[in-house]
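Enquirer: Each chain is listed here by its residues.
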Amino acid sequence: EADIYQTPRYLVIGTGKKITLECSQTMGHDKMYWYQQDPGMELHLIHYSYGVNSTEKGDLSSESTVSRIRTEHFPLTLESARPSHTSQYLCASSVSYEQYFGPGTRLTVT
Amino acid sequence: DQQVKQNSPSLSVQEGRISILNCDYTNSMFDYFLWYKKYPAEGPTFLISISSIKDKNEDGRFTVFLNKSAKHLSLHIVPSQPGDSAVYFCAATSNTGKLIFGQGTTLQVKP
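Those protein sequences? They're chains R and V, same order as listed. According to my numbering, the stretch in the first sequence is residues 1 to 110, in order. According to my numbering, the stretch in the second sequence is residues 111 to 221, in order.
Please keep in mind that the hints were generated in silico from the structure rather than gathered at the bench. Being a predicted model, the structure only gives us computed values, none of them experimental. All C-beta atoms in this analysis are idealised placements derived from N, C-alpha and C, irrespective of residue type, glycine included. Keep in mind that a hint or two might mislead.
[To be verified] Restraint-style ranges between C-beta atoms, simulated for each label pair: (1) R:M27 - V:Y149: 16 to 24 angstroms; (2) V:D169 - R:K17: 38 to 46 angstroms; (3) V:I163 - R:S80: 20 to 28 angstroms; (4) R:G14 - V:S162: 18 to 26 angstroms; (5) R:Y97 - V:R127: 27 to 35 angstroms; (6) V:P189 - R:N53: 46 to 54 angstroms; (7) R:G40 - V:G170: 26 to 34 angstroms; (8) V:I128 - R:V52: 24 to 32 angstroms.
[Unchecked claim] Here are some chain R residues the structure puts well away from chain V; computed CB gaps all over 10 angstroms: (9) P8; (10) P75; (11) Q99.
The task is simple: from the sequences and hints, build the whole structure.
Expert: What follows is the structure in structure tokens.
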């Protein structure tokens, strides 16, 4: 089972602030993903990476950006938070089909 | 266009009985299917998966059935336990490796 960590777990922040959501995994997985999920809805892929220096946008358009400088680290950044960014953000990693998720960050933008 | 659908938002069963969660898909290119369980304020946990070359996969109390002709899969939990109460997501993927998720079904198992 993968060990994957996300910080912070909860974040309440004002409009216009810059935020970075952290995601780290210790399994050496090449593939990493960011999803956005609202209550009662499916998980939407917003970014993914198949290795260091490789990042792609997912199926759901997002104003966030990501970087992959190290295999174990896949941070997500919002340059200017807005109330529409309020959601749960889930990070995952995989080596094959099964993806293993972190505990998520619940972001609230006021 | 939603490629993976879970048409039942919620399901309530009695402890000890069988829970059956359903999932339909539209993309015939999907060749691998997964079920995840999610508690509030936590990330999804992988439960069980099935390849398109199989029609059944069993792991303890959990069995997944795949009907390719109907583009339908189901997750059976037997016997159901109160700790199984959670949101269950089905997901599908093709050779892209990206998972497409359904909207989830909230299962409540009553003692």
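Enquirer: Against each hint, give a clear statement of whether it holds in the structure.
Expert: Now for the hints, and whether the structure bears them out:
The beta-carbon spacing between M27 of chain R and Y149 of chain V, approximately 22 angstroms, falls within the hinted interval of 16 to 24 angstroms. A hinted range of 38 to 46 angstroms holds for the C-beta pair D169 of chain V and K17 of chain R, which are about 44 angstroms apart. Checked against the hint of 20 to 28 angstroms, the pair I163 of chain V and S80 of chain R fails, with Cβ atoms roughly 48 angstroms apart. The hinted window of 18 to 26 angstroms between G14 of chain R and S162 of chain V is violated, with their beta carbons roughly 48 angstroms apart.
Taking 27 to 35 angstroms as the suggested C-beta distance range, the pair Y97 of chain R and R127 of chain V conforms, at roughly 31 angstroms. The beta-carbon spacing between P189 of chain V and N53 of chain R, approximately 49 angstroms, falls within the hinted interval of 46 to 54 angstroms. For the pair G40 of chain R and G170 of chain V, the beta carbons lie near 28 angstroms from each other, so the given range of 26 to 34 angstroms is met. At about 46 angstroms, the beta-carbon gap between I128 of chain V and V52 of chain R misses the expected band of 24 to 32 angstroms.
Distance check on P8 of chain R: its Cβ is at least 13 angstroms (rounded) from any Cβ of chain V, clearing the 10 angstroms threshold; non-interface status holds. Once the 10 angstroms rule is applied to beta carbons, P75 of chain R is consistent with being away from chain V; the minimum gap is 17 angstroms. Distance check for Q99 of chain R against chain V: the nearest CB is about 6 angstroms away, which does not clear 10 angstroms, and the non-interface claim fails.
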